[in-house]
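Peer 1: Sequence:
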Amino acid sequence: GKSGSEKLLIETIKAGLKSKTIKPGSLKKVTVDTTVQEKNIAFPTDSKLLNKARENLVKLSKEHGIKLRQNYNRVGPQYVLMASRYAHAKQFKRMKKMNNKLKSRLGRVKRDIERQLPNYSVDIQSLFEVALKQAQKLIEQEQHSKNKLYSLHAPEVECISKGKAHKPYEFGVKTSIAVTNKEGFVIGAQSCPGNPYDGHTLLPQLEQIKQFTAVQPEQCFVDRGYRGHEVKDTKVFISGQKRGVTRS
50 GKSGSEKLLI
60 ETIKAGLKSK
70 TIKPGSLKKV
80 TVDTTVQEKN
90 IAFPTDSKLL
100 NKARENLVKL
110 SKEHGIKLRQ
120 NYNRVGPQYV
130 LMASRYAHAK
140 QFKRMKKMNN
150 KLKSRLGRVK
160 RDIERQLPNY
170 SVDIQSLFEV
180 ALKQAQKLIE
190 QEQHSKNKLY
200 SLHAPEVECI
210 SKGKAHKPYE
220 FGVKTSIAVT
230 NKEGFVIGAQ
240 SCPGNPYDGH
250 TLLPQLEQIK
260 QFTAVQPEQC
270 FVDRGYRGHE
280 VKDTKVFISG
290 QKRGVTRS
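Each residue of the sequence shown is one higher than the last, beginning at 50 in this note's numbering.
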């Protein structure tokens with residue numbers, strides 16, 4: 050968990066100081082940047098997600114003795130296959146048709162379960178809660194929806210724009226990393242859920258460094274993504290900055 054990971058990082062910093070890999074003075078000059086911690090998920094497509102959500106509901110129903118009118122186990126995979134073929138052929142209207150079919154089949158299974166759930170115990174109802182919410186979210190979300198669901202087993206995954214031609218998007222969680230400017234030794238790491246603006250992640254990151262090392266960084270070096278930060282106790286140097294900066 051979070052506290053355990055923090056303890057490990059604190060011990061690593063102590064070990065670095067003890068072995069003289071880093072000097073105490075190095076903790077005063079830090080470099081901070083953000084990256085994306087990618088999650089181990091398949092590339093999210095509507096057809097895969099819709100069919101997976103239906104399969105999860107059918108599996109849960111079978112485990113707890115809920116008899117469904119139809120489970121669509123035969124046609125579901127067929128629609129996924131056809132959707133992927135149409136996408137490959139760039140026949141997007143036909144692909145959308147298949148996705149709509151998957152959406153309607155998922156909706157039918159979901160409503161069938163919801164009709165029968167009141168007849169079962171509260172414990173069984175609670176087991177279906179997450180799966181039904183995920184199914185509803187998948188049915189409602191459109192191409193430009195906010196806070197979309199990209200993975201059923203890792204719902205915290207976000208789509209983060211990378212802005213590079215070879216890889217426009219990454220699916221994971223934004224992470225802030227702090228290293229000593231001289232040695233490049235990691236002295237701070239934080240996850241930043243919600244894909245916040247880089248400038249807003251700087252103050253929490255510097256506070257974490259102070260908490261871990263008991264040293265307030267005097268100088269911090271960042272890229273242009275950190276313009277508009279709200280840091281007062283540390284002198285922040287932004288890449289390309291010319292005013293008030295000596296040659297060194």
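Derived by calculation from the structure, the hints in this document are not laboratory data.
As the structure is a prediction and not an experimental result, all values here were calculated from the model.
Glycine included, every Cβ here is placed at the ideal spot set by N, Cα and C.
Some clues are possibly wrong.
[Said to hold, decoys possible] The list that follows gives simulated cross-link-like pairs (lysine-lysine, DSS-like), each with its CA atoms no further than 25 Å apart: (1) K197 - K186; (2) K51 - K111; (3) K197 - K211; (4) K223 - K281; (5) K78 - K88; (6) K259 - K56; (7) K56 - K69; (8) K231 - K216; (9) K63 - K78; (10) K67 - K101; (11) K97 - K146; (12) K259 - K63; (13) K197 - K101; (14) K284 - K259; (15) K63 - K51; (16) K88 - K231; (17) K97 - K77; (18) K69 - K223; (19) K150 - K111; (20) K101 - K51; (21) K101 - K145.
[To be verified] Cβ pair distances, simulated, as ranges: (22) L57 - Y246: 54 to 60 Å; (23) R134 - T84: 48 to 54 Å; (24) K186 - Y218: 16 to 22 Å; (25) A91 - G243: 19 to 25 Å.
Peer 1: Taking only the CA atoms, is the gap from K88 to K231 under or equal to 25 Å?
Peer 2: The hint is violated at about 31 Å.
Peer 1: Keeping to a limit of 25 Å between CA atoms, is the pair of K56 and K69 held or broken?
Peer 2: 20 Å, holds
Peer 1: Would you check the hint for K197 and K211, treating anything up to 25 Å between C-alpha atoms as holding?
Peer 2: 17 Å, holds
Peer 1: Mind checking the alpha carbons of K150 and K111 for me, to see if they're no more than 25 Å apart?
Peer 2: The hint holds at about 23 Å.
Peer 1: Are the Cα atoms of K101 and K145 separated by 25 Å or less?
Peer 2: 17 Å, holds
Peer 1: Straight-line Cα separation of K231 and K216 no greater than 25 Å?
Peer 2: 31 Å, violated
Peer 1: Would you mind confirming whether the straight-line C-alpha gap from K284 to K259 stays at or under 25 Å?
Peer 2: Since the Cα atoms of K284 and K259 sit roughly 15 Å apart, the hinted pair holds (cutoff 25 Å).
Peer 1: Does 48 to 54 Å hold as the CB distance between R134 and T84, or does it fail?
Peer 2: 35 Å, violated
Peer 1: Go ahead and decide if the range 16 to 22 Å is satisfied by the Cβ distance of K186 to Y218.
Peer 2: Given about 20 Å between the Cβ atoms, the range holds.
Peer 1: For a C-alpha distance cap of 25 Å, please report whether K197 and K186 respect it.
Peer 2: Judged against 25 Å, a Cα distance of about 8 Å means the pair holds.
Peer 1: Quickly compare the C-alpha distance for K63 and K78 to 25 Å and report which way the hint goes.
Peer 2: 17 Å, holds
Peer 1: With the threshold set at 25 Å, check whether the alpha-carbon distance from K197 to K101 stays at or below it.
Peer 2: 16 Å, holds
When held up to the earlier numbered hints, the structure conflicts with 2, 5, 8, 10, 16, 17, 18, 20, 22, 23 and fits the remainder.
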